[in-house]
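Student: Can you make the complete structure from the sequences, with help from the hints?
Numbered as in the working numbering, the sequence shown ends at 168 without a single skipped number.
Since the hints were made in silico from the structure, they are not lab data. Among the hints, a few may not be true.
Unchecked claim - Straight-line C-alpha distance at most 20 Å; calculated SDA-like pairs for lysine to any residue:
#1 Lys-72 / Val-5
#2 Lys-72 / Asp-6
#3 Lys-72 / Leu-84
#4 Lys-72 / Phe-83
#5 Lys-72 / Val-82
#6 Lys-72 / Ser-7
#7 Lys-72 / Val-4
Claimed, not checked - Pair by pair, the computed Cβ-Cβ distance ranges are:
#8 Tyr-56 / Gly-101: 43 to 53 Å
#9 Gly-89 / Ser-18: 15 to 25 Å
#10 Leu-27 / Met-115: 13 to 23 Å
We put the beta carbon where it would ideally sit given N, CA and C, even for glycine.
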Amino acid sequence: MVFVVDSMARATFALLASFVLTGVAILLLGLSYLGVLIILMMVMEMMVMAVFMIMYMMNPAGLMPMTMVHNKVGSLAVSVGVFLLLAAGIVFVPWPERTGGPPADPTLALGEAIMGEHMLVMMLVGLVLFATMVSATVLTTHRGRYDRYGDDLRRGRPDDPIGGGLDR
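Tutor: What follows is the structure, given as structure tokens:
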């Protein structure tokens, strides 16, 4: 779907739909925390991507015809070949039989399998990254929410750098 639409914004939302459906698949596996986390993370990521696509792309709305695929015949041949190779691997590889049972808490087991003893460090890194994003946003705004009403908040009419609003 991403390579069919003429709009980068529509392609972004098509990617968002695929990521949300991936999160739904994780939810159906019983990993509720991880599934919700994937959905929330991908929604925010794709929204940021959509904002940047609309800001910087020459054709964000798809008003001019465009294609995101070059060398269509070659890319189609490669994709069909890779699909057939992967399908053959699925069909012809002797898969091992299941030996154990499912863990009591699959989310905890998955987290420990992925991060091992580094789980606490990764959680702290996530908090530090979040604090960094909030700090960068706070530091880049040159004025606060109430600065337009003066230091003592007694200015009757706000001093807005850009006019607009209700003109009260």
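Student: All the hints need checking, so say for each whether the structure fits it.
Tutor: Hints, verified against the model:
Distance check on the hinted pair: Lys-72 and Val-5 sit about 15 Å apart at the alpha-carbon level, within 20 Å; holds. Between Lys-72 and Asp-6 the alpha-carbon distance is near 16 Å, which keeps this suggested pair within the 20 Å criterion. With a C-alpha separation of about 18 Å, the suggested pairing of Lys-72 with Leu-84 holds against the 20 Å cut-off. Taking the CA atoms of Lys-72 and Phe-83, the gap is about 16 Å. The hint holds against a cut of 20 Å.
Distance restraint check for Lys-72 and Val-82: the Cα-Cα separation of roughly 15 Å lies within the 20 Å cut-off, and the hinted pair is therefore satisfied. Proposed proximity of Lys-72 and Ser-7 is supported: the alpha carbons are some 19 Å apart, at most 20 Å. Between the alpha carbons of Lys-72 and Val-4 the distance comes to roughly 12 Å, so the proposed pair stays at or under 20 Å and holds. Judged by the Cβ atoms, the range 43 to 53 Å given for Tyr-56 and Gly-101 holds: they are separated by roughly 51 Å.
Here the CB-CB span from Gly-89 to Ser-18 is close to 22 Å, well matched to the stated 15 to 25 Å. Taken as a hint, the range 13 to 23 Å holds for the pair Leu-27 and Met-115, whose Cβ atoms sit roughly 21 Å apart.
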